[in-house]
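Protein chains in written order, with this note's numbering: chain A, 1 to 246; chain B, 1 to 246.
Check the hints yourself; a few may be wrong.
For chains that are exact copies, the list does not tell them apart, and a pair is met inside one copy or across any two.
Mimicking DSS-like on lysine-lysine, the simulated pairs with C-alpha atoms at most 30 Å apart in a straight line are [as the list claims (entries may be wrong)]:
#1 K19 to K110
#2 K243 to K56
#3 K110 to K90
#4 K228 to K243
#5 K56 to K214
#6 K110 to K25
Quick caveat, the hints were computed from the structure, so don't treat them as lab data.
There are 2 protein chains.
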Amino acid sequence: MKDLTVSKIGGNIAESPEKLEAFCKAFAAAPAPKILIHGGGVLASEIQKKFGMEPKMIDGRRVTDQETLKITVMAYAGWCNKHIVATLRKYGCNAIGLAGCDASVIKAPKRAPLNGTDYGFVGDVTPDCVDTVVLETLLSAGLVPVLCSIVHDGQGQLLNTNADTVASSVAAAMGAGLNCVFEHSGVLLDQNDPSSLLAELSYGQFKALQAEGKISGGMIPKLENGFKILAQGVPSVNIGKTKLKI
Amino acid sequence: MKDLTVSKIGGNIAESPEKLEAFCKAFAAAPAPKILIHGGGVLASEIQKKFGMEPKMIDGRRVTDQETLKITVMAYAGWCNKHIVATLRKYGCNAIGLAGCDASVIKAPKRAPLNGTDYGFVGDVTPDCVDTVVLETLLSAGLVPVLCSIVHDGQGQLLNTNADTVASSVAAAMGAGLNCVFEHSGVLLDQNDPSSLLAELSYGQFKALQAEGKISGGMIPKLENGFKILAQGVPSVNIGKTKLKI
């Protein structure tokens with residue numbers, strides 16, 4: 001779809017009332033068509049702890065048993081999604097909140113256990129999982145889809161997924177530009193120095209900086225996803241204010 | 001909208017996996033256009049207790065402070081809504097889950113404190129609150145709206161409401177027949193005798209049975225709502241297998 005942008009907000013924005021308010025105001029003012037993607041991991045972990053459970057993560061992915069699934073669905077598709085939608089409505093944005101099961105907008109297979117690790121009720125989302133016709137119908141009706149990273153398998157099973165993967169899959173399937181909005185202004189050479197922001201980043205530079213340990217943690221899958229869909233032909237990928245280039 | 005039916009399921013169905021499965025199978029097979037309404041009070045109370053909170057009800061209405069609101073949104077719009085939608089999809093029903101904030105399908109004012117009682121973040125839904133154009137757009141696209149009883153005020157505030165009131169308001173606004181599906185087969189003269197089912201019930205009979213104490217509790221607002229919208233001209237109201245008549 002022409003001029004479509006997909007924005008993804010990180011947990012530190014989605015779950016800070018002040019930052020979310022500022023983001024929603026700016027997002028509502030941005031030109032349509034547009035889609036917003038979010039997760040809700042911070043709230044999910046908070047509820048798990050209140051329930052006396054210990055969140056279990058492997059390489060940044062949440063191991064999701066039946067009780068954890070229920071909690072992630074309540075956090076992502078419940079509070080986070082509806083709170084974002086209600087806030088966007090306040091600023092005049094015609095938002096409609098969705099999980100992947102809604103109108104079957106994202107149907108994905110459950111991840112098979114990998115190298116002896118069973119992630120549980122987790123889905124593997126790829127661009128092929130996205131129903132672009134449904135999204136285009138909603139966008140054409142003047143609606144702004146706000147998608148959380150809960151999907152389904154088409155057989156009645158809800159599945160937890162990663163919001164970065166959902167965002168890059170939706171952008172790739174729709175041929176849309178991707179903007180990842182998160183707590184930093186972009187890719188920084190030094191986490192403690194905002195002036196070290198990179199305006200542009202090539203894949204070669206990324207790999208060199210990763211080898212030097214200057215890019216690490218959650219930024220790595222974010223950049224890997226970004227470069228992957230850029231290579232697949234999406235018009236643009238921005239990680240904060242850093243523009244990725246091939 | 002011609003031939004539209006609005007069905008409402010009670011908590012005892014929505015929150016029993018076995019009953020919900022059977023209901024979803026039957027609902028998926030029923031002719032479109034159709035809308036489904038549900039709450040999630042049983043799950044909300046369960047989470048409140050896990051959080052060490054005591055659910056506070058006045059005349060069957062939940063007093064909703066900020067923390068309780070978050071829990072009701074997580075329960076109704078999160079787990080219950082997405083679980084129902086995923087189960088309906090399994091049976092081929094093109095369901096789309098919504099809260100009132102989504103596409104602003106139900107925008108309602110916060111209830112003012114009444115006779116010294118402040119219900120908190122609770123909305124007062126009437127037929128005027130329902131955006132019939134949005135619902136018709138979704139129905140015309142072949143979608144089946146599944147609405148939970150969370151609404152918004154248009155100013156960024158989510159509000160908890162009663163699913164019976166939402167169902168009767170949506171039916172009245174859309175000029176649709178209303179089916180209330182719940183744990184009993186219909187209005188029974190004797191709760192312990194399924195053969196005492198009333199095939200029909202007039203308003204006069206209802207008031208006489210209420211005076212005799214044969215109809216009590218949650219059935220009273222359910223029937224009051226039903227007779228009210230029947231008088232407003234909706235084509236039919238069924239409480240289980242009991243057909244209301246003026």
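Now for the hints, and whether the structure bears them out:
no.	hint	result
1	K19 to K110	between (33 Å within a copy, 25 Å between copies)
2	K243 to K56	neither (33 Å within a copy, 52 Å between copies)
3	K110 to K90	between (36 Å within a copy, 15 Å between copies)
4	K228 to K243	within (14 Å within a copy, 59 Å between copies)
5	K56 to K214	within (27 Å within a copy, 53 Å between copies)
6	K110 to K25	between (36 Å within a copy, 23 Å between copies)
Checked against the numbered hints above, the structure breaks only hint 2 and satisfies the rest.
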